[in-house]
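Given chain Z, put chain L in place with the hints provided.
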Amino acid sequence: MIDGTAGYLILGAILFGLGLTGFVTRRNLIVIFLSTEIMFQGVVLTAVAFARHHHNLQGQTYALFLLVIAAVEAGLALGMVMLLYRRRGTLDAEAWAVMRG
Amino acid sequence: MSMDSAVLLYLVFAAGGAGLYFLMPKAERPSSAVGVMFGVASLVGLFAFLISDGLGPRATGAYFCFFGGTALAAATRVITHVKPVYSALYFVLVVVAVAALLVLQEAEFLAVALIIVYAGAILVTYLFVIMLAQPAGSPVYDRRAREPFAAILACFALTGAIAGGLPSAVGRPSVESRVAAASQAEPSAGIGNTEAIGGQVMTRYVVVLQLAGVLLLISMVGAIALSRKRVPSEMLTSSRPALGQVGKEAVPF
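Chains as they are written, first to last, in this note's numbering: chain Z, 1 to 101; chain L, 1 to 253.
None of these hints come from the bench; they were simulated from the model. Ideal placement from N, C-alpha and C gives every residue a C-beta, glycine not left out. None of the hints are false.
Here are some chain L residues the structure puts well away from chain Z; computed CB gaps all over 10 angstroms:
1) Asp4
2) Leu11
3) Ala15
4) Phe22
5) Ser32
6) Ala33
7) Gly35
8) Met37
9) Phe38
10) Val44
11) Gly45
12) Ala62
13) Phe66
14) Ala136
15) Gly137
So, partial list: chain L residues that the calculated Cβ filter (under 7 angstroms) puts toward chain Z:
16) Ala151
17) Ile152
18) Cys155
So here's chain Z without its partners, still in its complex pose (with noise of 0.2 angstroms):
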């Protein structure tokens, strides 16, 4: 409710959510990555508003290393998706519904 942080947590809640709709809820292995990049800047969004609440730059720099860990996920999960193209010819995730055990 201070200086407005509430609107920021808020859309960075619904950033959140919208990205793990579009996670399970398309089947494209590349738009699935692309959600879970949405979900980042949710986290991203709220990790800054916190730190702009609290008056420090914890919560920035957490968002800092949080852009490394984004890097790594998209270099790995493209990789992958790549990887799992070739075997199988197709981007649906459920070609791969064998897995589920």
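Chain L in isolation, oriented as in the chain Z frame:
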């Protein structure tokens, strides 16, 4: 947050969820007009709610509403668009809007870093993969979402829990943080945001910085190991001349 305003927020979320359900790619009935109507209504309701309830005295009203609305609408398009290329381009819009929101919160360095890392590096990688792997046209797995109703219901519950719980749990800043803010007010007027973050990273979080570097190295090795193509071993041995013979037959220029 009082009880009534929480109920109002949940109503707005419900309208947004309904809009999202109608916007999800479906095979039989493209009822996107209803979805757009619901979505716009929920966006307007959300920002009306935030202005009336949340934004306090230091309201950054118009900019906050504009960029926040852009971020949410673009994120919705990312997860509902049938073509992944357009999803990736709408994701750039999300990144730019979030960067603008970070500028509004005095995090200039992070805003620029976000644009460089996401729009500059990660998005290019995504577009490369889309070029390499996406078949022409729109295949059936792009045109049909998987269990949209259950997913939206679950994510509505999660988002409601976060958004309803977090802001009321924030409270006032602690006394020591306010004291620290008061004592930092003098030097932070002189040094910029970038310098301050650099100081933090190089002093307090230096071990984390090194770990981040190691993590990047590991992921690079992992990505190469994952995406390398297996070459049949006879191709490796047959056509390649022995080490000392390379270039023996080549005509010198």
